Amino acid sequence: MIPFIGLLIGIAIGIFTPYHISSQYSSYVAIAILAALDSVFGGIAASLQKTFNMKIFISGFFGNALLAAGLTFIGKKLDVDIYLAAVIVFGTRLFQNFAVIRRFLLNKYVKRDNI
Amino acid sequence: MKNTKAQIAIAFICILLGFMITVQVKSVRKNTAVNNQTMQRAEELQTELKNEKERGDSLYKQVLQYEKDLQEYQKNASDSSDQAKGLLKQLQNAQIQSGMTDVEGPGVTVTLTDSQDKSGDVDAALFVIHDTDILRVVNELFGAGAEAISVNDERMIATSEIRCVGNVVTINGNRYAPPYVIKAIGSSDTLEAGLNIRDGVVDELKHYKIGVTIKKSDKISIGRYNGAFNPKYAVPVQKGGD
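These protein sequence lines map, in sequence, to chains A and B. Numbering that gives the first Met the number 0 numbers the first residue of the first sequence as 0 and each following residue consecutively. Numbering that gives the first Met the number 0 numbers the first residue of the second sequence as 0 and each following residue consecutively.
Quick caveat, the hints were computed from the structure, so don't treat them as lab data. Quick caveat, the model's predicted, so the values are computed rather than measured. Hints may contain errors.
[Claimed, not checked] Only pairs whose alpha carbons sit at most 20 Å apart, straight line, appear in this in silico SDA-like list of lysine to any residue:
1. B:K25 x A:K75
2. B:K25 x A:S21
3. B:K4 x A:S21
4. A:K75 x B:K4
[Unchecked claim] Quick partial rundown of chain A residues pointing at chain B, CB under 7 Å, derived from the structure:
5. I14
6. P17
7. S26
8. Q48
9. T50
10. F51
[What the hints assert, rightly or not] Not close to chain A: a few residues of chain B, all C-beta gaps over 12 Å, as computed:
11. I7
12. M38
13. E47
14. K88
15. T108
16. D113
17. N151
18. T189
19. K208
Positions of the beta carbon are idealized from the N, C-alpha and C atoms, including for glycine.
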């Protein structure tokens with residue numbers, strides 16, 4: 000629940016920020032958003048399975064975001080959409096982690112019903 | 000039971016996530032709006048340009064009409080006195096020489112075409128028409144007494160240039176590519192003979208296999224100079240006394 004509140008706080012801050020991202024940087028922010036989503040879902044899935052590791056989580060987010068931004072940058076210079084690799088990987092992990100969370104939540108409620 | 004430290008860490012990243020998503024959405028919306036503005040401005044400029052071009056064309060037509068009227072008045076004025084007739088003749092000569100009026104008369108039409116020779120091992124630049132080739136033909140025609148010359152319908156006036164730019168030629172500021180049609184008004188026989196002198200212009204051009212055709216005619220029309228002339232440096236010298 001706390002993460003959800005965090006999300007709402009973030010959206011509120013974003014609405015009241017007067018800053019704009021110029022169009023050159025928008026593709027970098029987009030890939031960073033994807034990296035953040037992947038990290039969040041990965042974090043939630045790990046904490047549900049009691050395998051959460053603070054160092055891996057934090058380093059995972061910043062490392063993935065930087066790597067993905069780097070891929071976007073190189074891809075722009077080479078005129079080849081290399082960032083797609085990051086998109087595919089993040090997307091795959093997103094759905095995998097989501098499946099883990101889903102299974103856990105469903106198991107929790109199904110077990111209660113049986114009791 | 001979820002670890003609270005984990006929850007807080009995830010919450011931080013969620014704050015960042017929410018912030019980024021919102022700012023990104025706002026920026027994308029603003030950027031598309033700016034793009035639309037730029038496109039609209041481009042469209043506006045295009046319409047303005049079209050209108051200006053149409054205005055320019057209609058003003059040009061008006062100018063032609065005024066010149067026609069002016070000629071009428073001049074003729075009427077000269078009909079009334081001999082002095083006026085003399086002045087009118089001077090004026091007409093000046094107009095012909097300066098290229099300000101359409102002229103017609105007997106003369107020749109010279110057509111220059113690029114060499115069709117496909118022997119590839121020699122330097123291709125030699126078989127292409129250069130500005131110097133056209134200049135030589137024009138020079139020879141003036142030398143043989145031509146009174147008016149046009150190249151691809153560009154009237155040759157005192158300030159006309161014929162210049163190579165890359166692989167096209169600029170004449171009076173406009174670009175032209177081969178074939179080059181050179182019209183000259185004068186004595187057709189003299190003009191043709193001047194070009195055909197042995198080892199003269201035609202022989203030299205034919206040596207490089209440049210196509211030259213000369214056609215004599217009793218009625219050649221040469222148009223007027225189409226540009227504007229606003230001298231910034233030259234001023235007429237005032238002659239004092241008589």
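Status of each hint after checking the structure:
1. Only pairs whose Cα atoms come within 20 Å are accepted, and K25 (chain B) paired with K75 (chain A) is rejected, the gap being roughly 23 Å.
2. Of the supplied pair hints, the one linking K25 (chain B) and S21 (chain A) holds, its CA atoms being roughly 11 Å apart against a limit of 20 Å.
3. The suggested pairing of K4 (chain B) with S21 (chain A) is violated, with an alpha-carbon distance near 35 Å, which exceeds 20 Å.
4. Distance check on the hinted pair: K75 (chain A) and K4 (chain B) sit about 38 Å apart at the alpha-carbon level, beyond 20 Å; violated.
5. Because the closest C-beta pair between I14 (chain A) and chain B is about 6 Å apart, less than 7 Å, the hint holds.
6. The criterion of a C-beta within 7 Å of any C-beta in chain B is not met by P17 (chain A), whose closest approach is roughly 10 Å, and the hint is violated.
7. Given the 7 Å rule on beta carbons, the hint for S26 (chain A) is violated: about 10 Å separates it from the nearest Cβ of chain B.
8. With 7 Å as the threshold, the beta carbon of Q48 (chain A) stays out of range of chain B, its nearest partner Cβ sitting at about 11 Å, so the hint is violated.
9. Residue-level restraint check for T50 (chain A) is violated (minimum Cβ-Cβ distance to chain B is 10 Å; threshold 7 Å).
10. A hinted interface residue such as F51 (chain A) counts as satisfied when its beta carbon comes closer than 7 Å to some beta carbon of chain B; here the least separation is about 4 Å, so the hint holds.
11. The beta carbon of I7 (chain B) is not kept farther than 12 Å from every beta carbon of chain A, the shortest such distance being approximately 7 Å.
12. With a cut of 12 Å on Cβ distances, M38 (chain B) stays outside the contact zone with chain A, its closest approach being about 14 Å.
13. For E47 (chain B), the condition that its CB be more than 12 Å from all CB atoms of chain A holds, with the nearest at approximately 27 Å.
14. The Cβ of K88 (chain B) lies farther than 12 Å from every Cβ of chain A, with a closest approach of about 70 Å, so its non-interface assignment holds.
15. Distance check on T108 (chain B): its Cβ is at least 53 Å (rounded) from any Cβ of chain A, clearing the 12 Å threshold; non-interface status holds.
16. With a closest Cβ-Cβ approach of about 39 Å to chain A, D113 (chain B) is found to remain outside the 12 Å limit, as its non-interface label requires.
17. In this structure N151 (chain B) is separated from chain A by more than 12 Å, as the shortest Cβ-Cβ distance comes to about 43 Å.
18. Taking the minimum C-beta to C-beta distance to chain A, about 64 Å, the non-interface status of T189 (chain B) holds against the 12 Å cut.
19. Here K208 (chain B) stays apart from chain A, with its beta-carbon at least about 45 Å from theirs, past the 12 Å limit.
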